[in-house]
Each structure stands twice: as C-alpha cells, then as structure tokens.
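Counted the way this note's numbering counts, the sequence shown spans residues 1 to 80.
Among the hints, erroneous ones may be present.
Distance ranges between label pairs, derived from CB positions [stated by the list, open to error]:
| hint | residue 1 | residue 2 | range |
| --- | --- | --- | --- |
| 1 | 46 | 77 | 36 to 46 Å |
| 2 | 40 | 72 | 32 to 42 Å |
| 3 | 58 | 14 | 40 to 50 Å |
| 4 | 37 | 73 | 31 to 41 Å |
Subject to a maximum C-alpha distance of 30 Å in a straight line, what follows is the list of computed DSSO-like cross-link-like pairs (lysine-lysine) [said to hold, decoys possible]:
| hint | residue 1 | residue 2 |
| --- | --- | --- |
| 5 | 64 | 11 |
| 6 | 26 | 54 |
| 7 | 3 | 60 |
| 8 | 54 | 3 |
| 9 | 26 | 46 |
| 10 | 26 | 64 |
| 11 | 26 | 57 |
| 12 | 3 | 73 |
| 13 | 57 | 11 |
| 14 | 60 | 46 |
| 15 | 11 | 46 |
| 16 | 11 | 60 |
| 17 | 57 | 46 |
| 18 | 46 | 64 |
| 19 | 73 | 57 |
| 20 | 54 | 64 |
| 21 | 60 | 73 |
| 22 | 45 | 26 |
| 23 | 11 | 54 |
| 24 | 64 | 3 |
| 25 | 3 | 26 |
| 26 | 26 | 73 |
| 27 | 73 | 11 |
| 28 | 64 | 45 |
| 29 | 3 | 57 |
| 30 | 57 | 45 |
| 31 | 26 | 60 |
| 32 | 3 | 46 |
Keep in mind that the hints were calculated from the coordinates and are not lab data.
Keep in mind that this is a model prediction, so the values were computed, not measured.
Using N, Cα and C, we set each Cβ at its ideal position, and we do this for glycine too.
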Amino acid sequence: MEKLIGSFDTKKGHEQVRVYVTDNGKTSISVRMFSYRNGDWHLTKKGVTIPGTKVYKLTKLIEKAAESIAERKLQTATNA
1 MEKLIGSFDT KKGHEQVRVY VTDNGKTSIS VRMFSYRNGD WHLTKKGVTI PGTKVYKLTK
61 LIEKAAESIA ERKLQTATNA
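Build the full structure now, drawing on both the sequences and the hints.
What follows is the structure, encoded as structure tokens:
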C-alpha cells in the first residue's frame, strides 16, 4: 500500500510545481512531480529542475522513505 512520505511546492519559472515522495509499500519509492496549469494539477511527463533551496528537502524526504522501507523489511524479518 502506497504511503505519502511528504511533499513540497516550488516554482519552475512562473509555473507552480508540487513534488510528492511516496513509499510504494514494497522496496521502492516514487518521486512524482505535478505542475499547476489551467486551474488543475497535472503529472509532468518530464523531470522538473529542483532549485538548490529545495534539494535538501527532497533529500530528507527520500531518506525518510528509505527508512520506512527498512523498518518494514525489519518487521517482516522479525515476524517470520
């Protein structure tokens, strides 16, 4: 089951961008980027440049997702 680890907003030029980091419930994470256009959020087909001020935030969210996966693996091993 997918679990949201965190998100943050940034800008790409004049375009508002939202970045989501999720734990996919197995052994992987997702980083999805959405842009706000025409009054709605749309998944971007291509990558978005993350400004240096937000790189730390993205790194921390990815670390948190990795910890979540490690905890789940440990619980699975302990329960087995």
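Hint-by-hint comparison with the structure:
1. Hint check: residue 46 to residue 77, Cβ distance near 38 Å, so the stated range 36 to 46 Å holds.
2. Distance hint check for residue 40 and residue 72: the Cβ-Cβ separation is about 33 Å, which falls inside the suggested range of 32 to 42 Å.
3. At roughly 21 Å, the beta-carbon separation of residue 58 and residue 14 lies outside the given 40 to 50 Å, and the hint is violated.
4. Against the hinted window of 31 to 41 Å, the Cβ-Cβ separation of residue 37 and residue 73 comes to about 39 Å, which satisfies the hint.
5. For the given pair, residue 64 sits about 23 Å from residue 11 by alpha-carbon distance, which is consistent with the 30 Å threshold.
6. About 26 Å separates the Cα atoms of residue 26 and residue 54, which keeps this hinted pair within 30 Å; it holds.
7. At most 30 Å may separate the alpha-carbon atoms for a hinted pair to count; residue 3 and residue 60 meet this at roughly 16 Å.
8. Taken as a hint, the residue 54 and residue 3 pair is honoured in the structure, with Cα atoms around 21 Å apart against an allowance of 30 Å.
9. Using a Cα cut-off of 30 Å, the hinted pair residue 26 and residue 46 holds, with the two alpha carbons roughly 25 Å apart.
10. With a CA separation close to 15 Å, the supplied pair residue 26 and residue 64 stays within the 30 Å bound.
11. In summary, the hint linking residue 26 to residue 57 is supported, as the alpha carbons are separated by about 23 Å, within the 30 Å threshold.
12. With a C-alpha separation of about 15 Å, the suggested pair residue 3 and residue 73 falls inside the 30 Å cut-off, and the hint holds.
13. Using a Cα cut-off of 30 Å, the hinted pair residue 57 and residue 11 holds, with the two alpha carbons roughly 14 Å apart.
14. With a C-alpha separation of about 22 Å, the suggested pairing of residue 60 with residue 46 holds against the 30 Å cut-off.
15. Distance hint between residue 11 and residue 46 is fulfilled; the C-alpha atoms sit about 15 Å from each other, no more than 30 Å.
16. A threshold of 30 Å between alpha carbons decides the hint, and for residue 11 with residue 60 the separation of about 19 Å falls inside it, so the pair holds.
17. Restraint check for residue 57 and residue 46: the C-alpha separation of about 20 Å stays at or below 30 Å, so the hint holds.
18. For the hint pairing residue 46 with residue 64, the CA-to-CA distance comes to about 24 Å; that is within 30 Å, so the pair holds.
19. Between residue 73 and residue 57 the alpha-carbon distance is near 25 Å, which keeps this suggested pair within the 30 Å criterion.
20. Between residue 54 and residue 64 the CA atoms are separated by roughly 16 Å; this keeps the pair inside 30 Å, and the hint holds.
21. Restraint check for residue 60 and residue 73: satisfied, since their Cα atoms lie roughly 20 Å apart, inside the 30 Å limit.
22. For the suggested pair residue 45 and residue 26, the alpha carbons sit about 24 Å apart, so the restraint of at most 30 Å is met.
23. For the suggested pair residue 11 and residue 54, the alpha carbons sit about 10 Å apart, so the restraint of at most 30 Å is met.
24. Between residue 64 and residue 3, the direct Cα distance comes to roughly 12 Å. Compliance with the 30 Å bound is thereby established for this hinted pair.
25. At roughly 11 Å between alpha-carbon atoms, residue 3 and residue 26 fall within 30 Å of each other, so this suggested pair holds.
26. Simply put, residue 26 and residue 73 have alpha-carbon atoms about 9 Å apart, close enough for the 30 Å limit, and the pair holds.
27. A threshold of 30 Å between alpha carbons decides the hint, and for residue 73 with residue 11 the separation of about 36 Å lies outside it, so the pair is violated.
28. A threshold of 30 Å between alpha carbons decides the hint, and for residue 64 with residue 45 the separation of about 25 Å falls inside it, so the pair holds.
29. Distance restraint check for residue 3 and residue 57: the Cα-Cα separation of roughly 18 Å lies within the 30 Å cut-off, and the hinted pair is therefore satisfied.
30. Restraint check for residue 57 and residue 45: satisfied, since their Cα atoms lie roughly 22 Å apart, inside the 30 Å limit.
31. Pair hint residue 26 plus residue 60 holds up; C-alpha atoms about 20 Å apart against a cutoff of 30 Å.
32. Using a Cα cut-off of 30 Å, the hinted pair residue 3 and residue 46 holds, with the two alpha carbons roughly 23 Å apart.
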